[in-house]
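Protein sequence lines, in the order shown, are assigned to chains A and B.
Heads up: the first sequence at position 86 corresponds to 86 in our numbering, and the numbers run straight through without jumps.
Heads up: the second sequence at position 262 corresponds to 561 in our numbering, and the numbers run straight through without jumps.
The reader is advised that the hints may include incorrect statements.
[As the list claims (entries may be wrong)] To be clear about the criterion: a stretch of chain B counts as covered by chain A if any three or more of its residues have a C-beta under 8 Å from a C-beta of chain A, and this derived list gives those stretches:
no., stretch
1, 341–349
2, 355–361
3, 581–594
These are computed hints drawn from the structure, not numbers from a lab.
Using N, Cα and C, we set each Cβ at its ideal position, and we do this for glycine too.
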Amino acid sequence: MSEMTVSHSSTGSKRVPVVELRSLDTLWFQVAGTVCNLACTHCFVSSSPTNHTHENLTLAEIAPFLEEGARLGVKEYYFTGGEPFLNPEMEAILEATLGYGPATVLTNGLLLDPVRCERLAGLAAESDYSLDFRVSMDGYDAESNDPIRGEGTFERILAGIRNLCAAGINPVITVTEVHCENASREGRERFFRLVGELGIDKPRLKILPVFRMGAEAERSGAYESWQKLRAGEAPAEGWLHLQCSACRMVTDQGVWVCPILVNEPEGKMGTTLADTLGGFPLEHPACWTCHAHGVSCRT
Amino acid sequence: MTDRNPKDDRSRKRDTSPLTAHRGMATWGEKLVPLAEFRKATAAVGRELSPEEREAEVAEFLGPPVDPTPVEGPFSKVAVFGGVYNNHYGLTALLDDAEARGVEAIYCLGDLGGFGPNPNKIWPLLERGGVRTIQGNYEESLASGLEDCNCGYTDPRDNHFAEISYRYTASHSSPEFKRWMGGLPKRRRIRVGERELLLVHGSPRRINEFLFHSTSPAPFLEVLLTQERADGFLCTHTGLPWHRRLPSGATVVNVGVIGRPANDGRTEVRYCLLEDRDGRLGVESVELGYDHRALAAEMRREKLPEKFVETVLTGWWTTCLEILPAKERHASRF
Ligand code: SF4
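Isolated chain A, as found in the complex (with noise of 0.2 Å):
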């Protein structure tokens, strides 16, 4: 099935394309909800201080889901908000995961103090799987950073980094495109050049588009009408590109097709894995941007 008929109630019924479910490799928990210590102007779940869209998950709301992911054949757990750290079992939630596989975490490195990060390379230490960590920045200085993520921000972030690094750790550094030079060639030799002065001789970075949505919407201007995918549009070997061909998100509300339409109710599956192991239908606009991006929101 590559495409399904959809009625609304304003719009009548239509075809839309749909994805299917080939495997699930990448199994997402929205661990903090939507809350952040941070209120960043290009954030497509809008998290802040105040955002309780979707709340913290436990570890024993969680412990059923690496089970279930485990007969499922996930490969790979990744953890985001909101700021993963803001969870106060997030330490005893990575362990109980590397159990079952290897896991990565989305942080703004705001949280990430000496202490927790010498924690954090202990975990990583002691497991069979990698143990991986994403850092967040929006420009390689204060003055394209912070009027993104916060004043003050590039500072603090830059502070995060070092004390994973000093603590034995190396993370992936993600750059978005909010400004579109971070990703032209130049950009990414600045980087490099950024991270070598910090003193990572391992240098790892993941750039990613922004989606017009959530609080990124005010600041860009959200999808035009013609952003949309269409039934008949499917290439030659289906929507098996998409990243939703292979992932799902677990909030503390359900599990959700992606990690990008958690704040869209019609972006909710099931209650378990198991009820949302079949087609999704791309109606959201979002789902253009990850099509002519080719997003994959994993390393």
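Here the structure of chain A is known, so what remains is to put chain B with the ligand in place on it, guided by the hints.
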């Protein structure tokens, strides 16, 4: 803890700072709605299947693909290697070593080219050894005439090196050799003793999937093997050898590559020996020495990047390291 800052111009432009705007509200798409409204909406959507329906969904989802690959063997001892990367010195050493150990068959898991010099020297060696080869992503690209490896590394220098090595191999491989590559099977099955093993390049499901030790968890491998109805599988593609025995008793091996060292500071390369030991499957990762100085000299004569030569001489990878997961990168020098 919040990061509220009075100088933030967003808080001046709007009545409420984005840091506090959500009090009691949820983000629903582009709107702010009362939390309870969002929760009510999410509670109403999505499937909630019965336990029996869930079992049925999972069984269908994990259903095995049909695999008509014939089974070769049974053998009691075979050699399996991958990633020749044009290293004809390494391949020669492997054929001698495997013969001396009395193997009954030799299998190659693909990636014949790239990195090293003079690709056309590989084919006659494979023929000489009667090597049974499957296709790697390199052969797939070369046979289909791709101009570029499309590696898409984040670091521009990595793309530069990957392109040099692909173009060199593409322009130095004969058309007949490339045609032969195009006709190679993508998988084989062999029987060693009692065990039926699947041979693939990347993973059972994708020719270019990276299976590293620290990111190939046991439950994931068990599911792949249940789907394939095999007692184990062997792969290459990443360049790093490993071996995992699963709780079910199945075996998964990444045989490593014989084209360049295993990023461990040693110049030797690795391949895998499989042996039936009274019903148990013996798996040995063999360290293979070869004339790496001669390889380095020939690479220099062919004006291949000095960075590649450095890898041959030191045992440490110098380029395209971003594919490594955290643990493997941690153990890496660069
Ligand atoms: S937003 Fe992207 S990942 Fe999510 S359902 Fe749409 S295409 Fe898939």
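Hints broken by the structure, by number, lowest first? 3
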